[in-house]
Structure formats: C-alpha cells, structure tokens
Amino acid sequence: MASNDGGLSLSQQRQRAAFWFLAPMLAALFFVAAWPLLRTIWFSLTNTLLSDLYGGEFIGFDNYLSIRVLESGRVIYRGTLVDPAWWNAVWNTVRFAVVSVFFETVLGLIVALVLNAEFKGRGLVRAAILIPWAIPTIVSAKMWAWMLNDQFGIINDILLNLGLISQKIAWTASTDTAMYAVLMVDIWKTTPFMALLILAGLQMVPRDIYEAAKLDGINPVKVFFRITLPLIRPALAVAIIFRMLDALRIFDLVYVLTPNSAATKTMSVISRENMIDFDKFAYGAAQSTLLFAIIAVFVSLYIWLGKVDLSGEGQR
Amino acid sequence: MTAQKLLSTIAFYALVVVIFVFSVFPFYYAIVTSFATGTELFKVNYWPKAFSWANYETVLGGRNFVRSVWNSVFIATTTVVFALFLAVTASYALARVRFRGRGLLLMMILAVSMFPQIAVLAGLFELVRFLGIFNTPWAMIMSYVIFTLPFTVWVLTTFMRDLPVEIEEAAIVDGATPWVIITKVFLPLLWPALVTTGLLAFIGAWNEFLFALTFTSSETTRTVPVAIGLLSGASQQEIPWGPIMAASVIVTVPLIILVLIFQRKIVAGLTAGGVKG
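Chains A and B, in that order, are what the protein sequence lines are.
Under the working numbering, the first residue of the first sequence carries the number 2, and numbering increases by one thereafter.
Under the working numbering, the first residue of the second sequence carries the number -16, and numbering increases by one thereafter.
The reader is advised that the hints may include incorrect statements.
As the list claims (entries may be wrong) - Below, in silico cross-link-like pairs of lysine-lysine (DSS-like), each with a Cα-Cα straight-line distance of 27 Å or less:
1) A/169 with B/-12
2) B/32 with A/215
3) B/-12 with A/121
As the list claims (entries may be wrong) - Examples of chain B residues toward chain A, derived with CB under 8 Å:
4) 14
5) 36
6) 84
7) 197
Treat the hints as calculated values from the structure; they're not laboratory data.
We treat Cβ as the ideally placed atom computed from N, Cα and C, and that holds for glycine.
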C-alpha cells in the first residue's frame, strides 16, 4: 500500500479521509436497512395495526407464541409458531429453495461446461442465455402464466402432441402442480445466472491441466470429477449461497404466477399478506423477523462450516 | 473412432440447440402472442401468423401504462445516480485504505445486500408514512437504496482493488489528497466499471416488485412491474393476454438490447459481484 512510504501522518490523513468517505454510505444504510429492521423487530413484539402504526402496545413474544391456561385447565397455544399456515409457508419456501438451487446448479454446470468449450456460434448462445436473466421477474411470470395456461397454453399443447399427458393440466391453478410451475419458471430464469458465475470459475482453471489429462488419456468424466469440480469448488460454493439466499426470500414470482395458492405460498408472501392485506401488521412483522432469523442462522452456518471467504479479503 | 467422434459432436450441438431454444423460446412466444388478436389469440401458434398492432395500441393508448414507464425510468435513474455517487467514495476507502475492521465492514455491506427485503418492510412502511412519501416515487427511491447501494459498493470495491498501485503512488508523491485522487485519477479509469455497475443496479431497480407494490396505492404511481403484475380483466376468464404480452415486450426489449450491447461488461460485473465475493 502507498501509505507505507508516506509515514504516519499520511496514513492518518488517509484514514481520516476514509472515514468521511464511508460516513454518507453508512448513514444511508443505517437509515434504510438497520433502522427499519430494528423497527420491524420492535413491531413484532407489539400489537400494532396497519391503520394505527403508533397505537401498538408491547405484548412480549405473544405474536410468536403465547400459552394461556384457561380456568378449566385447558391450555391454549397461539402465535406464529403454532400456526399451520406459517409452517406450510416455511415448508414451501425450503422445498422451493432446495429444489430450485439444486437444478439450477446442475443445469448451470452443464451450460457452463458447454460454453467453456470452443465451438461455432458460442457468442450467440452466450448472448441467448442472457435473455432469461434480463427479463424482469414479473414479465417472465406473466409470459409463463400464458404458456402454462390450461386451455390455450402452448406447454399443454406440446405435451399433448408428444403424448406425455392425456389431458390438459391447470398448471398454476391446481395445487398438485402449482409448485412445479413456480420451480419451472425460476429454474428457467436463474440457470443462466448460475451458468455465468460457474463459467467465470471454469475460465480460471488453467488450460494446460486439461491438455495434460488428455495426453495421459484420462476419461473426460473422471477429469471433470477429479480436476474441474475441486478447482471450481470455491466459486461454486459462493454461487450456491447467493442463490440460496435469493430463493429463501422469493416473493414476486409466487405472488404473480400462483396468487393465493396455499401450495406455493412462501414465507415472504405470507408475511406481507398478514402485514398489509389482513391488517395483522405486528403478526406479519413477527413472521418476517423469523424469516430474517432463519436466513441469518443459515448464512452463519454455511460460512462457518464451509469456511467460505465471502469478503475476498483472504485473496489479498 | 471417427464414428464415435461424429456422434459426440452431434450430441454436443444438439445440447447447444436445446440450450438456445430453451433460453429464447418464451420471449419469442410472447412476441408472437403480442401480435395476435381475437380468436387467433386462443389458438396455439408456433409461428407468427398475424401481425396486428392492436395490442400495442391498447397498451400505449391507456394513459396509465405510459405513466408507469416514466415512473420506472425516473425511479431507477435517480436511485442509480444516488447509489453510484455514494458508492464511489466509499469503495475507494474500502479498496485502497487499510483500516481496522475493513473486512467486517465489507461483510456487513454484503449482509445487507442479501437481506430478505420483507424483513425491513414493516419498518420501511412506517418510515415512508412518517416522511409523508407514501404513494410517491420517493418511497421507492429511498427503499431501493437498500439493495442498489451495497451492490454498487461491493462491485466498485472489487474493480478498484485491481487498479495499479503505481498510479496512486505517483499522485500521492505529487501531493494529491484522497479526494483529488478519486475525482482526477480514479474516476476517469473507472468509467467502464461505473457504466456496468450502474446498468446492473438500474436493472435491479427497474425489476423490483415488493416495495413498489406495497408503497403505491394508485394506478398513476405504479412502476412497470406492478402495472404488469396487476393488469387483469374483469374475471379469471377475461385476462387480457394480448395486451399483457405487448406490455411485456415493450418493457423487455430495451433491457435485452442494453444487455446484449454491454454483454461482456455485464458478465464481468456479475462475476465481480458474485464469485469474487
């Protein structure tokens, strides 16, 4: 660093400048992130209503779990933690996140391996896979809602013509298939992003390793599992955690593609519904606080277990 | 051996074709649908048969959609300019100055960008109401800072780390202050990075749905995603698919053109924000 040869005063001057450079950003982040988060947590401990934001009273953890023993000796449990709708949303979210990230990783790997090979028209394909990524989520939800339409949808038409289904399926409306519809759209939209991240990792693998493996006549499958995969593991780990966090907070796709379907309602959707639509503001705040807690625990575990260097400081 | 090689080449190109078709087909089909009207709309056409601008006229003729486009342009532009302005100085400090707690600070910024947005919704709602900006563009501009600012800081920091130390040293020897170094030395070198980061942040702000849905209450203040998401007919059976597809094509084509023009830079920006950290 330049500060080494400038002496202490220069280094001090730089650090003071650094503080003033960082201050506006930190103030902005405090204002829009930290403060609202703290307020959300506070709201979750009150009985605030949407119509009267300042009329709430502190009620402890009752929005999460309240246990009341009636005079007759019956025990009544209330709160999010005993709410079947909430656990349904948790289950939906986790299932969605695990399945979508799994497929996006596998398909992303395949696409990345294809794009890492040299062939005619590679530029064209790389441009093409950017299209799903560039399309706004709401637009892709609508596009797919149309393609998945039970009466006039092209997907049913294709599947019928291929003989894969015998009758038209109401993909987004039926509770059996709604989750598949959401997964399909998400995988379509996000696999390119995954592929590009993995491709960047692949391109850092030196070519001579492959040359050497080829000369030794090693099976390409073995080369992939023994050489490529271990070498791109760090890039893959970071890509997976980013995707996982994104998947756990999914809102827009579910809200637009399968509105009001219990089969797909995720934690974000149910929290907002309670907060804004059902006038159970504090209850929704408690649910969103729980989502925040789940994600925070997940990130810490992942970083701790996987020793993932997210900040990039270790490379320096 | 050659037969096997030929076979694997064919398999490879088949895979390439599959990838290409899967990526492009839904958007292609949206375009085909957007030109169909009347009964043509309710037949499955794999190839374009009708060319009618009626759906586009419906969408653009209704005043609210054009209004939504302008809302989105204003909100996304303002958000990006604000985020870049704060991020340039902050990322200089994070990339170029050693101080205690830098790693921790970077992790905190990253954590904010990975935040579930629903977790701040209640608090932001209160803030928006308190400031009296509910149902105005400023509610979105303020709330979009939560994801554009960490992202731009993060990507610009990785870009700035890679600038050669010698340039900065020479400037310091000449007696330049950090502010001069940023504005006169680094900024000219950073233009490509600023364009890329700005574009990615713009796309993020353009596509945002949750805050825009929650902080607007009238049709004239909606952003494009909310307008399209809530575009519906009188009943489930009367969803105006033609106009919806036309609206989708209108808002997506500029994005796709931008993305294709800046293809390489976008990939570099995405990977700086993703893989490196």
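Consistency of the hints with the structure:
1. This hinted pair does not check out: residue 169 of chain A and residue -12 of chain B have alpha carbons roughly 41 Å apart, beyond 27 Å.
2. Between residue 32 of chain B and residue 215 of chain A, the direct Cα distance comes to roughly 50 Å. Violation of the 27 Å bound is thereby established for this hinted pair.
3. As the CA atoms of residue -12 of chain B and residue 121 of chain A are separated by approximately 17 Å, the hinted pair is consistent with the 27 Å bound.
4. Residue-level restraint check for residue 14 of chain B is violated (minimum Cβ-Cβ distance to chain A is 10 Å; threshold 8 Å).
5. The restraint placing residue 36 of chain B at the interface with chain A is violated, with a minimum CB-CB distance near 19 Å, outside the 8 Å limit.
6. Below 8 Å, beta-carbon pairs count as interface contacts, and residue 84 of chain B has none with chain A, the closest being about 11 Å; its hint is therefore violated.
7. Here the hint on residue 197 of chain B is kept, as its CB sits about 6 Å from the closest CB of chain A, short of 8 Å.
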